[in-house]
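There are 4 protein chains.
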Amino acid sequence: VSKPTGPSLTGLAFLQGDLALRAERIAAYLAESAVERDRAGGTAKRERDQFRSSGLLRAWIPVSYGGLGASWPEVLDIVRLVARVDSSLAHLFGFQHLILATLRLFGSPAQFEPLFRETAERELFWGNALNPLDKRTLLTALTTSADELSVSGQKSFCSGSVDADRLLVSATDAVSGRLVVFTLPSSRPGIRVFGDWNSFGQRQTDSGGVEFDKVKVDRQEVLSTPGPLGSTFASIRPLIAQLVLTNVYLGIAEGAFGEAKIQTRARGAAWPASGVERPTDDSYILLRYGEVALSIEAARVLSDRAALSLQAAYQREDKLTPDERGQLALDVAAAKVTSARASLDASSKLFELSGPRATDAKQSLDRFWRNARVHTLHDPVDYKLKELGSYALVEQFPTPSFYS
Amino acid sequence: VSKPTGPSLTGLAFLQGDLALRAERIAAYLAESAVERDRAGGTAKRERDQFRSSGLLRAWIPVSYGGLGASWPEVLDIVRLVARVDSSLAHLFGFQHLILATLRLFGSPAQFEPLFRETAERELFWGNALNPLDKRTLLTALTTSADELSVSGQKSFCSGSVDADRLLVSATDAVSGRLVVFTLPSSRPGIRVFGDWNSFGQRQTDSGGVEFDKVKVDRQEVLSTPGPLGSTFASIRPLIAQLVLTNVYLGIAEGAFGEAKIQTRARGAAWPASGVERPTDDSYILLRYGEVALSIEAARVLSDRAALSLQAAYQREDKLTPDERGQLALDVAAAKVTSARASLDASSKLFELSGPRATDAKQSLDRFWRNARVHTLHDPVDYKLKELGSYALVEQFPTPSFYS
Amino acid sequence: VSKPTGPSLTGLAFLQGDLALRAERIAAYLAESAVERDRAGGTAKRERDQFRSSGLLRAWIPVSYGGLGASWPEVLDIVRLVARVDSSLAHLFGFQHLILATLRLFGSPAQFEPLFRETAERELFWGNALNPLDKRTLLTALTTSADELSVSGQKSFCSGSVDADRLLVSATDAVSGRLVVFTLPSSRPGIRVFGDWNSFGQRQTDSGGVEFDKVKVDRQEVLSTPGPLGSTFASIRPLIAQLVLTNVYLGIAEGAFGEAKIQTRARGAAWPASGVERPTDDSYILLRYGEVALSIEAARVLSDRAALSLQAAYQREDKLTPDERGQLALDVAAAKVTSARASLDASSKLFELSGPRATDAKQSLDRFWRNARVHTLHDPVDYKLKELGSYALVEQFPTPSFYS
Amino acid sequence: VSKPTGPSLTGLAFLQGDLALRAERIAAYLAESAVERDRAGGTAKRERDQFRSSGLLRAWIPVSYGGLGASWPEVLDIVRLVARVDSSLAHLFGFQHLILATLRLFGSPAQFEPLFRETAERELFWGNALNPLDKRTLLTALTTSADELSVSGQKSFCSGSVDADRLLVSATDAVSGRLVVFTLPSSRPGIRVFGDWNSFGQRQTDSGGVEFDKVKVDRQEVLSTPGPLGSTFASIRPLIAQLVLTNVYLGIAEGAFGEAKIQTRARGAAWPASGVERPTDDSYILLRYGEVALSIEAARVLSDRAALSLQAAYQREDKLTPDERGQLALDVAAAKVTSARASLDASSKLFELSGPRATDAKQSLDRFWRNARVHTLHDPVDYKLKELGSYALVEQFPTPSFYS
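Protein chains in written order, with this note's numbering: chain W, 75 to 478; chain V, 75 to 478; chain B, 75 to 478; chain F, 75 to 478.
Because the hints were derived from the structure by calculation, they are not lab data.
Predicted model, so just to flag it, every value in this text is computed and none were measured.
Take these hints with a grain of salt, some might be off.
The list makes no distinction among identical chains, and a pair is therefore deemed to hold if it is satisfied within one copy or across any two copies.
EDC-like mimics (lysine to aspartate or glutamate), calculated; alpha carbons at most 20 Å apart, straight line [claimed, not checked]:
1) Lys335 x Glu469
2) Lys393 x Glu106
3) Lys119 x Asp392
4) Lys209 x Asp92
5) Lys436 x Asp270
6) Lys335 x Glu426
7) Lys288 x Asp221
8) Lys209 x Glu365
9) Lys209 x Glu351
10) Lys436 x Glu187
11) Lys288 x Glu398
12) Lys335 x Glu197
13) Lys288 x Glu106
14) Lys393 x Glu98
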């Protein structure tokens, strides 16, 4: 069995110091069991707890609230580093931060401040039950006079829902029909987490269903100032989501490419018709390595640029203009499409670069492709290209939505 | 669970009548359990026995020897039909016929005639231990005066070796260093079949190792007239091998594409940004269907043409000229490269066409890609392109070898 | 200056005998002056007359009317052969036959029979003024009682309009608003042919504008039984148009590829980093030759199949069913998309295969790309892919129109 | 006629202030006559003089020598800006700076200082006769005692040789056989500039032949400290050359894409089958715009990064290590391959995006492709990919040469 290679900071532009140490440590830990856990699927309880004790669940929370004060580029570098060896856990780590950002972007200081403090202090792991495409959850109307609201219905694709300490939930307002987003402790009576995620890739993301049976929701828990996509600043939330995905894709590509090199270098003999002895001297193999290296490199520079753009936009807060938001959206779209393609390409070419012995099931090297294939279906790449095209042709920025 | 779709003759140019009925029947049978067996791996004992009783193991054997007298185009159509639902068994069926052809091409009538008769009469399933790249088996020199030869050593990638009734074996002549090919009953003392194949794709091909410990070989069992690649006619053997692979690839592509259609049509809603209600009206989905359909169609026409070329070459027997053989090799190369690409493309795009719900592990739809990925590594596609290029540029036909 | 290579029947499946001789002769003639005439643009008067005297303008006209009785596959082979050296004249020759077919498909025996006879006897060259997208020509209503109709207005993209003996014209019926198609002698008073075609490719197709100033149209000249796309059989007309284009594309690809080989073989030295002396031994060059060869080969087999399908459909006459027509449309679409891509690919790669010296303006080797680029814009390839996708996904045949 | 669009700083990361003004002014000037001059070919005497009076020929020369003190990123931005409208002149401007850099990198302060001063003061335009692949020029051996050396023979591909004030020349040392590089005033007796460049693209680069007939060469004119590629620092010269090419490619891509937008927006009607009225609403057109935009964007970020890497390496001077040089070479290779592809892609797709009317010869929109096609043949892209692959697989940096 080829032991999954440990992580290294190579190719990461922003991560360093203490944060890098913590990230490398957990990535090395995850690498040890990644193959087995891919096989097993289910909840990575031990690894989630390791994340809790690593301090990284509060990486991005400002120091003043007890966090590590990481920037977005640093957070996304951690996502990428972890995804090289375990793209399921990388996704959960990334979504932890997406949810924290959502508290900040959709909620008021009175809401996100205590949640930041509590998350930092108690190393809370957040799960996601925000899914605007699945409209089966209904919330008692916000406009009623009743103090107590209640949510019922089901949600699918709830990443990190098993073993979550808190949930971010979306539902439809029973009267207005509008999307409402709120937080819930996962222990709140009436919540049932199915734990039924069973995809052939991203197997430990616990992205199964959640059911709400007349679950009480306090008005204080509803993020309504400014609310979902309630301001230009709030509308960068989906762009953070897209960049988390982007860096998971890129990490998968880098992880697959790293394995390819190990495999090729370990091959005994070059293809007879090559006229050379070692595979590392085969002109065609070198050409194909160059192709994959180039596609990963292009994805990297575009993703790094988008990470910096996000950080700049985030720091603009309510001064962020729709055009600045639009430009960020384009940077993100370019990074995402390129990274999605690089992840599929590298994880499939891995085997052409490595040869047939790399297909031994014991090594599970197909997991890179399976993870890339499942995760890149989050939302269709063609519509991201259309957004890029609309701007190129008629200078129209993407309309803010939960996917653009 | 989406039950694997049964086979249909759509897209098959040559198969009809009784042969088609037998082929469809076994393909439907295989489809029932394909998902489970992919998960289990190992030997498809029941399914192999079904092949034995189907009569198809003697499909290509001339009627005069008790076979069904199928042509190469018909045999390859069966390979493709079966590969749509089970590319492991399709490979074994194809290699059964590759081995039968090898008896004819490398051996004398005194050798292949009784073997054809016996295979037909007893529905023998042949396994492959001919692997020129693995040089670990040694045969007592043919030039010694001893009546009895003996082979020792190991072979890897021996498809169909478990549960084989007969084996086709290659070894190196201890004195001349030349490749020798011979047949053995698998019950001959000293043969040990490891049954250790465990790849993430083509999981039921039993392509593991075989060990020979001083196994007796009768001179009569050695195929030496004309011997391996011993004449222009004999040298079409690797082209038959390549065409079997080609039709397995194509069957995988067609199988994956068929599943995609079922999935897309079953999807509830189109992507919100598409502006249409049904996925079947989404312009981008239709475009991508067109792309995949076209790549499969090109592979089909090139493969059908190569099948006809093979049949024509086969019928030329010893009148076959090196140039005719060369032209066939080019037809085969074109078909193979195109089919290999179509299989990888269709089995990966399947999910972009179908959406995230198609990744449910219960359906195992990733098996198409896993099978394509493993099987297309048989020999590097770039060297086939080089052969096509050498002919295009300087009109040099591929030099006959076990891979060209 | 590299003299354009003469034609050869290599790669043509159907052309032979007397027809082949005539076609090769005119192709060789055209090759002599192709470079100069590409530079000059304008009308190829001498070459058009050569076509007249070659007898090929009546190639497809049945022998009983004085023609050569060629089949569609033969006619399309001639288009391809000529396009290898002169894609402008190939287009005009192809459209001659498209127009002849239109007489047959849209008109009655009383109309097409004398026109066939006259065309054959007087070696008439037809020009095209049928362009459904350009709606600026108006015809006096067919429903009026007046014996004499009259057409006024302009048409663009009228290929072969200069030096045409007869014109096929489309106009809008002033009352019904429907498309009407009719023939006119080009000498009819009131017709003005602009001769203003000046594109950077397909420079001698005379595809400029034509103006009609109250031009008299006899009712007998209107093709109304069954009329434009007036029956399933009549609706194969646009498919013939598409196949003419397809074979022009393919001829361009083959012509460009042929020049590439001459250039590469003539190059003095390989690239220093290649480690070989001759470019013909450079692994990368051979790989790229293989890629182009394969794309052309795929286009060829698909186009040949479509040509046979067309012939079969044509022979079905009014027995042709919508599904048979639909299947032909799909065959044609597959051939067309593949050929369009092959022509752009081969004519651009030509230079990567050949090296910088091939860009010498004296040789005008860029004309292949310029011709391919202009001609492949006839109608968008993406919509052809959509048609292929619609059939693949929901088994819907392309709706007959002037472009599908 | 569509007037070529003027330049704009959009997409340029580094250019600003006075330098930007000068660059925009000359680009606007060049745009006015670009179409005509592409048609005419030959020497752009008036435009070259405009460059002389613009001050930009000394853009990069340090202020202390009378130059404008531009950084490499700024110089390369000017190359790109100019290439959007006139890639021939952009090449000459870029090579002016490549030659100036060569004086610095291959020569001693006693050599480059006066040449910098003289170039700045007299606005000298340098021409290139350094071509290591063309070995027909011979220099009297440096090792002879004679004070006066002499060069004889011919050079091909001498960009900017006509109307050059000074030449940079390479020749083979008659005794050692090594490459020698020296400068010459173009008025030196015995120099004959053929002015015979006539390619179908990059038509005004004057890249024709130069003949030297016993031309005297002063030892002082020979750049031998450290000499050609004579130190790690000196060996960044070819990387500057590659980055000049890269930015010419990118400028062509951007220029072509800019024209496409103008054309698409000007089109009257969408394709009938699109179901929309305006081409700017056609989903397929938007998708294709997105594809091209993305390929240009990836090329841009990689090129900008490489420009910054060059500047950093340049400032390291003799402290530059082979590994730092190697990393720069990889950055440059990635930028170059991506930009070369983007230029070919954008300049060909331009017409699919724009439709058939964009092929009107009056607009000469094919010049973008012709320029890209000719210029991207400078050295083969596959070998750049091989360099990227060699580093990826075995961490081997490109061996410094005149092309890597």
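Hint check:
{"no.": "1", "hint": "Lys335 x Glu469", "result": "between (42 Å within a copy, 10 Å between copies)"}
{"no.": "2", "hint": "Lys393 x Glu106", "result": "neither (45 Å within a copy, 41 Å between copies)"}
{"no.": "3", "hint": "Lys119 x Asp392", "result": "neither (38 Å within a copy, 55 Å between copies)"}
{"no.": "4", "hint": "Lys209 x Asp92", "result": "neither (42 Å within a copy, 53 Å between copies)"}
{"no.": "5", "hint": "Lys436 x Asp270", "result": "between (25 Å within a copy, 12 Å between copies)"}
{"no.": "6", "hint": "Lys335 x Glu426", "result": "within (11 Å within a copy, 28 Å between copies)"}
{"no.": "7", "hint": "Lys288 x Asp221", "result": "within (15 Å within a copy, 82 Å between copies)"}
{"no.": "8", "hint": "Lys209 x Glu365", "result": "neither (43 Å within a copy, 33 Å between copies)"}
{"no.": "9", "hint": "Lys209 x Glu351", "result": "between (60 Å within a copy, 16 Å between copies)"}
{"no.": "10", "hint": "Lys436 x Glu187", "result": "neither (47 Å within a copy, 43 Å between copies)"}
{"no.": "11", "hint": "Lys288 x Glu398", "result": "neither (41 Å within a copy, 59 Å between copies)"}
{"no.": "12", "hint": "Lys335 x Glu197", "result": "neither (37 Å within a copy, 45 Å between copies)"}
{"no.": "13", "hint": "Lys288 x Glu106", "result": "neither (42 Å within a copy, 43 Å between copies)"}
{"no.": "14", "hint": "Lys393 x Glu98", "result": "neither (36 Å within a copy, 32 Å between copies)"}
Consistency with the previously given hints fails for numbers 2, 3, 4, 8, 10, 11, 12, 13, 14, ordered from lowest to highest.
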